[in-house]
Amino acid sequence: MVWDILNIVGTLAFAISGAMVAMEEEYDILGGYVLGFTTAFGGGTIRNLLIGIPIQDIWQQGNLFIIASLAITVVFLLPTGWLQYWNKWGIFFDALGLAAFAIQGALSAVQVQAPLSAVIVAATLTGSGGGIIRDVFAGRKPLVFRAEIYALWAALGGVVIGLGFINGPWTAGILFAAIVVCRMLSVHFKWKLPKRTMTS
Amino acid sequence: MVWDILNIVGTLAFAISGAMVAMEEEYDILGGYVLGFTTAFGGGTIRNLLIGIPIQDIWQQGNLFIIASLAITVVFLLPTGWLQYWNKWGIFFDALGLAAFAIQGALSAVQVQAPLSAVIVAATLTGSGGGIIRDVFAGRKPLVFRAEIYALWAALGGVVIGLGFINGPWTAGILFAAIVVCRMLSVHFKWKLPKRTMTS
Amino acid sequence: MVWDILNIVGTLAFAISGAMVAMEEEYDILGGYVLGFTTAFGGGTIRNLLIGIPIQDIWQQGNLFIIASLAITVVFLLPTGWLQYWNKWGIFFDALGLAAFAIQGALSAVQVQAPLSAVIVAATLTGSGGGIIRDVFAGRKPLVFRAEIYALWAALGGVVIGLGFINGPWTAGILFAAIVVCRMLSVHFKWKLPKRTMTS
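Residue numbers (the numbering used here), protein chains in the order written: chain A, 1 to 200; chain B, 1 to 200; chain C, 1 to 200.
To be clear, the hints were calculated from the coordinates, so they are not data collected in a lab. Quick caveat: nothing in here was measured; it's all calculated off a predicted structure. Incorrect hints may appear among the rest.
Cut-off 25 Å, straight-line C-alpha distance, at most; resulting in silico cross-link-like pairs (DSS-like, lysine-lysine) [said to hold, decoys possible]:
1. B:K141 with B:K190
2. C:K141 with A:K141
3. B:K141 with C:K141
Make a model of the complete structure from these sequences and hints.
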């Protein structure tokens, strides 16, 4: 039940972020739907492909499809002023989605008895893969490779689950909260991963 | 028989459009083949992956592969002056391909008893997915998200088929003609889907 | 045994080239890992998807994952001066990887009795598909479509194998050497495939 709600929150946040990027690129409303759906469902789809989960399962999410469609439609109809609230609250909802998707992705990999490497990739892809496709479709360099720490928290969640530390709703809840907090702290303190350039 | 011909026309139109984009980007002839093949066969391949149709089926299209190869080769050999006819006639052939591919994609999804959402995605992807990959490989923002209405007609064709309105060659023929006409009207009257920017 | 070593050399070369591109784009270290892994394992993964080889097989490469991770880490720690040797030696190692991956990709397609067209695509994708994804993720136009002849040698290797000319370690070794030599000659003499522009 709680997971269902978190899944909905994450789907909403990801669909909205895709629609917003489409508007920033001056795409039309169909582009908005495509980017919204790609961001919300793309990561899980690629995960299923790579982990070997039957891909047809993605079509069982009819309710989430409707929710995502409604969210994208609302984004296109809202006055611009309202959209600016997204910058404040969107990052928080997105963090909820990141955590929910990463945990769900890792658990589904564990369920098909995938090895640790696959669990980590599943968590990372489910959490951040949709955003990577979104940015490629928008003709941008994927944000996740450059911005404040994001996918790393999903990957670490995958490590924790892959090593078998999660065995019940309590531990899963703590991991969820930890990912959300780490992500929000990353944004607030502008934590970035080290990078280096060829000229440094 | 008629569908075979339409399938060939669509494959030709899509392969040529991929080769033309490769030339516009100053890619070499191998880039032309890759973009031509990606545009012609990429949409159907991703559809098979997502709908759960055995992916090996794509290798049964040997004749279409040969036709696409020949078309791309001809494009590279033709004098530039001739290529300009493409701008006039290419849009029409491309519309035939869009309609044929969308209907075929939707029908193949119905055949594996996919739900309505999957039928719509199958029609849209088969019709326009190849063009999206083509543009990504060319380092462009996908045209389908910005230009005159294109993928929407494929999606609507998917709705009509998914709802079960097509039950024979006559209704399929009418749907085919409707998609082609709608696409050509979109180009002629510059119909575009609504868009909005963040600053509007 | 020899193939294992060549496979390791190729994985190393491809992982390093991905990490180098990530640094050139000022991506952070996580971007370096993602691009490194995508370049090293992306081609083989897409090949498995398209040829119908069970995708879970990719997770059996645990040792290669560790080797690739170490290589990417070293790239990020090495002083810049050292990285410049890569431009000299990297092209050679990359050619070894191209040849090893192309042959391995074609052989795995033959093993599942794929038709000739699929064998050629498998060789080409395994050899150059990872580099294409790397460039897309880096927001670049794929190098393989424009630079000195590269993927063609993989494709020709696929033709030779698909036609059944390879039936033992000796012939495979000769093909391997031929691909490496052709690739190195292409770089040295700046062999390029013909291209044409719309204005020529």
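| said: Does K141 of chain C sit within 25 Å of K141 of chain B, going by the straight-line distance between their CA atoms? | reply: holds (12 Å)
Review point. Would the pair K141 of chain C and K141 of chain A pass a check requiring their Cα atoms to be no farther apart than 25 Å?
Key: Answer holds: K141 of chain C to K141 of chain A is near 12 Å, not above 25 Å.
message = K141 of chain B and K190 of chain B were given as a pair; does the straight-line alpha-carbon distance stay at or below 25 Å?
response = holds (19 Å)
Hint compliance for this structure: every hint is met.
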